[in-house]
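Chains as they are written, first to last, in the numbering used here: chain D, 1 to 231; chain U, 1 to 226.
Hints listed in this document are in silico derivations from the structure and should not be mistaken for laboratory results. Glycine residues also receive a C-beta, built at the ideal position from the N, C-alpha and C atoms. Check each hint, because a few of them may be wrong.
Rough simulated footprint, nothing fancy, chain D against chain U, three-plus residues with beta-carbon under 8 Å [unchecked claim]:
(1) 88-99
(2) 199-210
Below, computed lysine-lysine pairings styled on BS3-like, alpha-carbon distance capped at 27 Å [as the list claims (entries may be wrong)]:
(3) U:K22 to D:K159
(4) D:K4 to D:K159
(5) U:K51 to D:K159
Simulated DEER-style distance windows between Cβ atoms [as the list claims (entries may be wrong)]:
(6) U:P193 to D:I23: 14 to 20 Å
(7) D:I23 to U:T214: 43 to 49 Å
(8) D:D135 to U:F122: 55 to 61 Å
(9) U:L37 to D:A221: 40 to 46 Å
(10) U:E163 to D:N22: 40 to 46 Å
(11) D:S102 to U:A42: 30 to 36 Å
(12) U:S17 to D:R211: 45 to 51 Å
(13) U:Q199 to D:V15: 36 to 42 Å
(14) U:F41 to D:I101: 34 to 40 Å
(15) D:L18 to U:T214: 27 to 33 Å
(16) U:G191 to D:M187: 48 to 54 Å
(17) D:I101 to U:F122: 43 to 49 Å
(18) D:Q225 to U:A88: 27 to 33 Å
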Amino acid sequence: MQAKFFAGLALVAGVFLLRNLNIIMFQLPDEMEQGPIYRIFYYHLPAFFTALFCYVTALVCSGMYLAKKNPVYDSIALAATETGLAFAAVNLITGMFWGRISWGIWWAWDARLTWALICWLVYFGYLMLRRAIDDPGERAKNAAVLSIFAFVSVAITWKAIEWWRTQHPGPVLSFRTGGVRRIDPAMENMLYMNALALILLAIVFIAVRYRQEKMQLEINALRRQAHALQA
Amino acid sequence: MTGLTSVWRIARKDLRSEFRTKESLNAALSFAVVILLLFSFAFNPNARTIKEMGGGLLWLVYAFSGALILNRAYTRELPNDCLEVLVASPVPSASLFLGKAIASFLLILAIQIFCLPVFAIFYNVSLVAALPSLLLVLALGAWGLSAVGTLFSALTVNLRLRELMLPMLLYPMMIPALMAAMHLTTLLVAGEPWLAEDQIWLKLLITFDVIFTTLAAGLAEFILVR
Chain D
1 MQAKFFAGLA LVAGVFLLRN LNIIMFQLPD EMEQGPIYRI FYYHLPAFFT ALFCYVTALV
61 CSGMYLAKKN PVYDSIALAA TETGLAFAAV NLITGMFWGR ISWGIWWAWD ARLTWALICW
121 LVYFGYLMLR RAIDDPGERA KNAAVLSIFA FVSVAITWKA IEWWRTQHPG PVLSFRTGGV
181 RRIDPAMENM LYMNALALIL LAIVFIAVRY RQEKMQLEIN ALRRQAHALQ A
Chain U
1 MTGLTSVWRI ARKDLRSEFR TKESLNAALS FAVVILLLFS FAFNPNARTI KEMGGGLLWL
61 VYAFSGALIL NRAYTRELPN DCLEVLVASP VPSASLFLGK AIASFLLILA IQIFCLPVFA
121 IFYNVSLVAA LPSLLLVLAL GAWGLSAVGT LFSALTVNLR LRELMLPMLL YPMMIPALMA
181 AMHLTTLLVA GEPWLAEDQI WLKLLITFDV IFTTLAAGLA EFILVR
């Protein structure tokens, strides 16, 4: 039943993404100043929203795990963090492509870029920690605490980086103030549509990854049982 | 035993066992001096570059050598299963955490203070005028490092690669505090006036310390009790 529901959801997300792709590529016009490359924004920004959605899910599930000690929450937190990292990587990489074409450089130490990279590293540390702990209970507990720390730290860094980088103005700043110009409602609408499609896709990914993790735990438990019986 | 006395006892016990062996203190001090030396090759240490980079340089040294101190916070208890006994003792987890954080804080502060004259001599800067404010910034930064680091030290104590994992987890999370401390220290080292707009960094540093101390003390129970 659950598997069918998520397969259906995957189908919906896939059709939705194709529909959006068609509109983005063939119906919406080029942006006035940037030309065709601006279309990458329809994946860049929604991927960021999706990553944020995943991180919040991970935070909530980590808190729930510490409160309830139910391994289900731990598995969801893991699945959400991994999915979030994937979408954050999409966000970073599409941003780099855009930067190469619009700015002429792959990377600039702009506030948001720096923040996104730090955020990625912090959550990557979460996965590293999980890898290093064998005992499932111990791993879940430590990972949950780390996830809460990660979210709080990332939230503080958000503001701090902005102060830091604006105090050392770089060449990209003129672009950032230029960002306040209004975008066409049709384009803005498309951003939200694609964000919705990607979040649906992320939910499917989280569900799939959650199922894998659950099975992995079951297999490990059976293996331990088998070893105990052998001995 | 009330919470505060047990905090003090844990801190005193940690400091005493550290001073008996001086294991991490010696390592951290010599490591700090080596890094201070290496920086002189990384860039041309003239008056202008030092004014621009002084704070960042000092805090990198503190973060690196601080990790050595923090690594020992719980590994010190591993032989003879001391950690199990400490956790089983009537000392609340939050007090155990705070006591260890205070001990690490004092050790890190000692390294910071030791590094100041070395830095001043090597890179030809005068820190005397800025000393009181500098000590305040050092203490606030060191507390942030100890609060987050001591909790993470507990997270990683049972891992094979703990010496590697602790800095991996710690540094990205410390970025807001490090940024604030670096900015303020650079101002003080360069002898520049502390403007009203720089207050925001002091506020950030204090906020970081308060938030993470509360969070760590609250979550210590989950980490320590198995």
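Against the structure, the hints:
{"no.": "1", "hint": "88-99", "verdict": "violated (count 0)"}
{"no.": "2", "hint": "199-210", "verdict": "holds (count 5)"}
{"no.": "3", "hint": "U:K22 to D:K159", "verdict": "violated, 39 Å"}
{"no.": "4", "hint": "D:K4 to D:K159", "verdict": "violated, 42 Å"}
{"no.": "5", "hint": "U:K51 to D:K159", "verdict": "holds, 26 Å"}
{"no.": "6", "hint": "U:P193 to D:I23: 14 to 20 Å", "verdict": "violated, 55 Å"}
{"no.": "7", "hint": "D:I23 to U:T214: 43 to 49 Å", "verdict": "holds, 48 Å"}
{"no.": "8", "hint": "D:D135 to U:F122: 55 to 61 Å", "verdict": "violated, 47 Å"}
{"no.": "9", "hint": "U:L37 to D:A221: 40 to 46 Å", "verdict": "violated, 53 Å"}
{"no.": "10", "hint": "U:E163 to D:N22: 40 to 46 Å", "verdict": "violated, 53 Å"}
{"no.": "11", "hint": "D:S102 to U:A42: 30 to 36 Å", "verdict": "holds, 33 Å"}
{"no.": "12", "hint": "U:S17 to D:R211: 45 to 51 Å", "verdict": "holds, 48 Å"}
{"no.": "13", "hint": "U:Q199 to D:V15: 36 to 42 Å", "verdict": "violated, 54 Å"}
{"no.": "14", "hint": "U:F41 to D:I101: 34 to 40 Å", "verdict": "holds, 38 Å"}
{"no.": "15", "hint": "D:L18 to U:T214: 27 to 33 Å", "verdict": "violated, 48 Å"}
{"no.": "16", "hint": "U:G191 to D:M187: 48 to 54 Å", "verdict": "holds, 51 Å"}
{"no.": "17", "hint": "D:I101 to U:F122: 43 to 49 Å", "verdict": "holds, 45 Å"}
{"no.": "18", "hint": "D:Q225 to U:A88: 27 to 33 Å", "verdict": "holds, 29 Å"}
The structure fails to meet hints 1, 3, 4, 6, 8, 9, 10, 13 and 15 from the earlier list, while all remaining hints are met.
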